[in-house]
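Dock chain B against chain A, hints included.
There are 2 protein chains.
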Amino acid sequence: MICEILSIGTELLMGQVANTDAQYISRRLSALGISVYHHTVVGDNVLRVKDALETALLRSDIVITTGGLGPTEDDLTKETVAEYLSLPLILHEESLLRIKNRIRGFGGVLTENNLKQAYIPESACVMPNECGTAPGCIIEKDGKTVAILPGPPREMQDMFEKQLFPYLEKKSGETLVSRYLHIFGVGESMIETKLKDLFHLGTPTLALYCSTCETTARLSVMVKDAKDANAILDPVEAEIRARMGTALYAEGINETMPRTVLKMLKARGKRVSFAESCTGGMLASSLVDISGASDVFDMSFVTYSNEAKSKILGVDPGILKSFGAVSPECARAMAIGAREKSVADYALSITGIAGPDGGTDEKPVGLVYIGIADREGGWAHKFIFKGSREQVRISSVKHALNLLRLTILNTDGR
Amino acid sequence: MICEILSIGTELLMGQVANTDAQYISRRLSALGISVYHHTVVGDNVLRVKDALETALLRSDIVITTGGLGPTEDDLTKETVAEYLSLPLILHEESLLRIKNRIRGFGGVLTENNLKQAYIPESACVMPNECGTAPGCIIEKDGKTVAILPGPPREMQDMFEKQLFPYLEKKSGETLVSRYLHIFGVGESMIETKLKDLFHLGTPTLALYCSTCETTARLSVMVKDAKDANAILDPVEAEIRARMGTALYAEGINETMPRTVLKMLKARGKRVSFAESCTGGMLASSLVDISGASDVFDMSFVTYSNEAKSKILGVDPGILKSFGAVSPECARAMAIGAREKSVADYALSITGIAGPDGGTDEKPVGLVYIGIADREGGWAHKFIFKGSREQVRISSVKHALNLLRLTILNTDGR
Numbered sequence: 001m002i003c004e005i006l007s008i009g010t011e012l013l014m015g016q017v018a019n020t021d022a023q024y025i026s027r028r029l030s031a032l033g034i035s036v037y038h039h040t041v042v043g044d045n046v047l048r049v050k051d052a053l054e055t056a057l058l059r060s061d062i063v064i065t066t067g068g069l070g071p072t073e074d075d076l077t078k079e080t081v082a083e084y085l086s087l088p089l090i091l092h093e094e095s096l097l098r099i100k101n102r103i104r105g106f107g108g109v110l111t112e113n114n115l116k117q118a119y120i121p122e123s124a125c126v127m128p129n130e131c132g133t134a135p136g137c138i139i140e141k142d143g144k145t146v147a148i149l150p151g152p153p154r155e156m157q158d159m160f161e162k163q164l165f166p167y168l169e170k171k172s173g174e175t176l177v178s179r180y181l182h183i184f185g186v187g188e189s190m191i192e193t194k195l196k197d198l199f200h201l202g203t204p205t206l207a208l209y210c211s212t213c214e215t216t217a218r219l220s221v222m223v224k225d226a227k228d229a230n231a232i233l234d235p236v237e238a239e240i241r242a243r244m245g246t247a248l249y250a251e252g253i254n255e256t257m258p259r260t261v262l263k264m265l266k267a268r269g270k271r272v273s274f275a276e277s278c279t280g281g282m283l284a285s286s287l288v289d290i291s292g293a294s295d296v297f298d299m300s301f302v303t304y305s306n307e308a309k310s311k312i313l314g315v316d317p318g319i320l321k322s323f324g325a326v327s328p329e330c331a332r333a334m335a336i337g338a339r340e341k342s343v344a345d346y347a348l349s350i351t352g353i354a355g356p357d358g359g360t361d362e363k364p365v366g367l368v369y370i371g372i373a374d375r376e377g378g379w380a381h382k383f384i385f386k387g388s389r390e391q392v393r394i395s396s397v398k399h400a401l402n403l404l405r406l407t408i409l410n411t412d413g414r
Numbered sequence: 415m416i417c418e419i420l421s422i423g424t425e426l427l428m429g430q431v432a433n434t435d436a437q438y439i440s441r442r443l444s445a446l447g448i449s450v451y452h453h454t455v456v457g458d459n460v461l462r463v464k465d466a467l468e469t470a471l472l473r474s475d476i477v478i479t480t481g482g483l484g485p486t487e488d489d490l491t492k493e494t495v496a497e498y499l500s501l502p503l504i505l506h507e508e509s510l511l512r513i514k515n516r517i518r519g520f521g522g523v524l525t526e527n528n529l530k531q532a533y534i535p536e537s538a539c540v541m542p543n544e545c546g547t548a549p550g551c552i553i554e555k556d557g558k559t560v561a562i563l564p565g566p567p568r569e570m571q572d573m574f575e576k577q578l579f580p581y582l583e584k585k586s587g588e589t590l591v592s593r594y595l596h597i598f599g600v601g602e603s604m605i606e607t608k609l610k611d612l613f614h615l616g617t618p619t620l621a622l623y624c625s626t627c628e629t630t631a632r633l634s635v636m637v638k639d640a641k642d643a644n645a646i647l648d649p650v651e652a653e654i655r656a657r658m659g660t661a662l663y664a665e666g667i668n669e670t671m672p673r674t675v676l677k678m679l680k681a682r683g684k685r686v687s688f689a690e691s692c693t694g695g696m697l698a699s700s701l702v703d704i705s706g707a708s709d710v711f712d713m714s715f716v717t718y719s720n721e722a723k724s725k726i727l728g729v730d731p732g733i734l735k736s737f738g739a740v741s742p743e744c745a746r747a748m749a750i751g752a753r754e755k756s757v758a759d760y761a762l763s764i765t766g767i768a769g770p771d772g773g774t775d776e777k778p779v780g781l782v783y784i785g786i787a788d789r790e791g792g793w794a795h796k797f798i799f800k801g802s803r804e805q806v807r808i809s810s811v812k813h814a815l816n817l818l819r820l821t822i823l824n825t826d827g828r
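Line by line, the protein sequences give chains A and B. Going letter by letter, the first sequence gives residues 1 to 414 in this note's numbering. Going letter by letter, the second sequence gives residues 415 to 828 in this note's numbering.
Quick caveat, the hints were computed from the structure, so don't treat them as lab data. As the structure is a prediction and not an experimental result, all values here were calculated from the model. Just so you know, not all the hints are guaranteed correct.
[What the hints assert, rightly or not] Under the rule of at most 27 Å between Cα atoms (straight-line distance), these lysine-lysine pairs were calculated in the DSS-like manner: (1) Lys-725/B / Lys-311/A; (2) Lys-311/A / Lys-680/B; (3) Lys-270/A / Lys-725/B.
With the rest of the complex left out, here is chain A (with noise of 0.2 Å):
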């Protein structure tokens, strides 16, 4: 089954909002193995939606359209719908009720606009909005299904979920399913030549996802029963574990490398505390994005002046005399300090020459050092980062959980 999303609205083309119904919609049909292979986006101009309407029912068995429901007389998908289905607009008594009822609730008056609203075409399902004044609805003509939804994403979600989704899983009979497998510090194409051979095996599908210094392999397969899935995804996920050794650090779509460290200090009962200079509370911040960060976390530091790295973690000022603020000693004895001044298990530092300024030959912009203290010593690493001071400090903040993350698998090992 062939499903199409068109969007309808001029506030899309002028860049006022992103399209997201658009996003929401396809990420719920690739849940019910639904494929979608075009979004479109056309102004509010009879012209272009029918235009729009016409090529997306030639191609596709399913066209939802978004948008276009408000009361103003630029509101023009139902009519438009209805025109070129050749279907009259009826009255629909029980959305005028609800419109009223509605309007009246906020305490104010029906226009004459509003009754636009409560016009269905002829022989469509109504499917009533919860959540605003628009009625959508969904309409079955020559073997194909038109669904109307409404624009406002709440309004939209809300009638997605409790009535259109329920109809198109009836129709579809089957369902995807997928997982997610997160790699650190691989490039993309070092994980393409590692995995070539899986990316041709049709039956399931794999596919690349990067964002900064990690990247994201998912496994798809369709299937009629959703339990048929495990027995096709196991044995590559697996050949795809083995290839990637410890740089594959989590399995599912939303686990992420603060999560990942999360849950493994609270498996362990451990505690980490962070001693930040360029980064600046990114790192401790990453980890507090998360509901429950209190069980692993209890206090951390920003340290940014060299007085203050000897005031709060008593990093020796002989240390930062001979060697600098960006040196392995210092990082060292940040994270030393840290772990001292806050009784956690773990403590993580992270100094360097974010930029754009403040570099030199000997010390460019993007060297970084991270330390890891455990009560058996402390450690620091050497990285050159690449890019924009943003850049090179998110990739400070995930290399240094990663380390992290490596300790505590050391750890276990031993």
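Frame of chain A, contents of chain B only:
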């Protein structure tokens, strides 16, 4: 001039990401007075890319593609455009060198795949990629223009601003001059009401763009000569400033609340420190994100647990026992403690319930106290923010900085 945006990527059709590239480009084109009538999204499929390109070139003067420039086999934008326009792909030595240097800089190894990215359709004008490996290009043929941009937003935006925007501006024969006025803490509809008449001037145009807690008003005018713009923009800007008062905090496309506060502190030779609970370092990080933060900032504290608040900031355990950590008393004590510990001129503190768990009837999710201390004492302000954990944290950070801004303005006035 009519432009169409053709975005290529199966990840868009799967709903993994929203098509923010199309939004970004549309917004910028609208600033140039270039009309956009269609956005189209297709997957990584030769046939559908070709079809979409054909349709787009029939109805538009300029087609801008985004995505499909990666090193992997399913990245096929350049190949398909070149084939459709009957242009051979030629190795572009300069791009190859750039790719080699970039990959080496990361300590990586150039793979066969990366080579592919250095091939460009014959006669195309290359747009180097300063944030990634894939170059873009502009092709003019038979009176039409095809511009090819990478998909990752950072790479796309950088290339668009530095290379495609100036090209389009030149093509249109006029220059767009814009001013960006940043307004904090006033709702969009309230701003709209206050500036109602200014939206109908025609010249200059006025548009509002909203983000968390703030709105940017963009004033724009198209002129043959940039020097003529001031006479048109100055009086309208003055009128907006008069109507918005101190809510208008800065002018300039790259201005932000953290930048504004940093500049204000720097100009007065003052320093600030922070004590964060639910924001966990995000406030400090928002300042350290800016190069030159060391002039106004040298240390900061993340105190997530009650114990940390007492131990690190000296918050009286009696306050925590009687009023709890999320209380004006605690916020005030945290700010005073952070200021004393750091010997800064100002200190800000944030303590609240970011959610999604931890709320009660008395202290609901979104309740945040922001404390501020200067040499005269400490005060706390109560806020109730709506939205997700992330939104509550971002709102807290922005409001804390705004509070410092207003305090500094107030001190100036005395």
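Check your understanding: Which numbered hints turn out to be false for this structure?
Key -> No hint contradicted; all consistent.
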